[in-house]
Amino acid sequence: MRPQRSRPGMILSYALLSVLALLCLAPVVMMLTGSLKPDERVLTEAGTLAGFIPDQASLQNYADVFTRTDFLGFLINSLFITGTIVICGLLVNALAAYAFARLHWHGRDLLFNLVLALMILPLEAIAVPLFYGVSLLGLRDTYLAQILPFIANAFSIYLFYSFFIGLPRELEEAARLDGASTLRIFFSIILPNSKPVFASVAILSFLMWWGAYLWPLMVTIGPEVRPLPVAIAAFYTLPPLQWGDILAFGVMMVAPVLLIFILFQRWFVRGVAASGIKG
Amino acid sequence: MASIRLDKVSKQYDGHDAIIEEMDLQIRDGELLVLVGPSGCGKSTLLRMVAGLEEVSAGEILIDDLVVNQLPPQKRNLAMVFQNYALYPHMTVRENLAFPLKMQRLLRDEVNRRVAQTAELLSLGNLLDRRPKQLSGGQRQRVAMGRAMVRDADAFLMDEPLSNLDAKLRVEIRSEIAALQKRLGITTLYVTHDQVEAMTLGHRVAVMRAGKLQQVATPSRLYEHPINVFVAGFIGNPGMNVLRVKLETVDKTLAFRLGEHCFTLTQSVVENYPDLPNRSGQMLLLGIRPAAITLVEPGGNDSLETIVSSAEPLGHETILHVDADIDVVATDTEDPGNTLLKRPVLTAIIPGHHHFKPGETVHLQIDCDKLHCFDLQGTALAPHD
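If you're matching them up, the sequences are chains C and Y in order. With the first letter of the first sequence counted as 1, position 121 gets the number 121 in the working numbering; the numbers rise by one all the way through. With the first letter of the second sequence counted as 1, position 170 gets the number 170 in the working numbering; the numbers rise by one all the way through.
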């Protein structure tokens, strides 16, 4: 049985948690309210209680974003790049993980350990040689440069692998005896029984690549293939400096992530729990 | 239908002892052969090798005289029923049954016809649109059987298909399997650790121990003429009592002593074991089935005084375990003649419902007409052809 906490202890922990929650929420609320205010009030009211109250709210800043910049184009770029990475990644990483988890081939364990070792390499460490490679292939300033290097992902392979290794082997053996080929087994038996891990990997990769900034900044030159994170940085430097517009841009950029998080919260929590990562 | 033959088949994983050693076995066309043995004896591995799910380390597996060692499972045309059924959880019963047929690229009408036919045969008609998790254990078992039956497989392989069912259902499904196999006449290799299943289902039973085949015979022959003390102890419920005794010649007849009493061997036992007179004065192992021991009133000449250790009244009979001052050997060791049970317990089956109290003195008589004789290594004395 869980030990009963004393009343003052409970009050203290709730108070502490509330302060932490406020600290986390404050910037988001300020962004939202700031995006609804006239530009001159955004900075003067920032840091005061008035900064959190959206009186005389208007959507003017949102309209400004659309007139001052090609927001829709950047949004489509971001959706296309992230969506393609997620969808292709699901297929490629799941197939790779299945081969590591279930098929027998020479060098499997060595290669799997190498793939796992890739998880500790941050993008920043390999960004320069990767940039060199992409430039050599003539892919700079293309969608492909932003998609191709990130489809195969060690962490996704690891998540799929952990799930597949736990599936009952008899299902595959039964299918094999029923006459199914390896690919058929993957698509007809494994895939339909692995929905939770597919959802988790999809959500985690979406979150990871939606906010990617460094790499798109390196490989994009013009606005044509630029995604939202690079676009907002460029927008920030676009005179005149309009804080309300920047905050409106930020809200619209974060909205799809929030929407996905709210819709798939259950899967997201499961995915984080499965991966053992902490927020 | 097909016959399956194993020719000196061995299985060994790298750096480990062999799990199966040079096994020869034939499953005849249309036969139901039960492979039985204690857990870990290699029977499931053998079945999986026949199925193609495990590689054969040495020897050959032949299906209808065709060596199939290199054939993948899907090319062997065998159907398998797994211990945990292995039904596809995301498919309905109908889809589960249809899956092997779709893999054969049969036309939709033919698939539907065969699914309906199998469903009717197994009384699954009203369950076709349910998913496996909506079925009871017995129903799942039936669907697993159906998935094996729905295509024209050359043989069935069954890996402990009843072990996840409760006792009552097990008896029910057991007789269903026997009836179905008889009706379809399909060659079947059935693996179990349950000797009751083996004895009731098998046309022939192959007893395995530690990767080696001990004896292949009909259930009655296994029971009546076990080839060694392991088979004697494994087959029969409860298993045979095996005692170490010294054979003596008393008044020109062969006899043995248990405690203070002398038991003479009957003429039929001596005839059955022609080598016995030459062994007078030697130690040997005597097998006594629990059913060959009867309860008698005290004072008889040939009765053995024992103390009740425990009793299991089953209604129509009572299984009685008694402590006695005799040498009882362990049947599941390499050297039974020198492996005495620390606490010598003799088991008897007494007809009727009795209430014995632990510690109570009872007198037992041994039917000396039904003795089995083994040498000290545990091998049966008479030639068993």
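Where hints are given, some of them may not hold.
As the list claims (entries may be wrong) - Quick list of the computed label-pair ranges, beta carbon to beta carbon:
id	chain 1	residue 1	chain 2	residue 2	range
1	C	L111	Y	S310	41 to 47 Å
2	Y	K75	C	V92	26 to 32 Å
3	C	V92	Y	R221	56 to 62 Å
Because the hints were derived from the structure by calculation, they are not lab data. Built from N, CA and C at the ideal position, the CB exists for glycine as well.
For each hint, the structure was consulted:
As the Cβ distance of L111 (chain C) to S310 (chain Y) is approximately 59 Å, the hint placing it in 41 to 47 Å is violated. Taking 26 to 32 Å as the suggested C-beta distance range, the pair K75 (chain Y) and V92 (chain C) conforms, at roughly 30 Å. Take V92 (chain C) and R221 (chain Y): their Cβ atoms lie about 59 Å apart, and the range 56 to 62 Å holds.
Figure legend: structure checked against the earlier numbered hints; the only hint not met is number 1.
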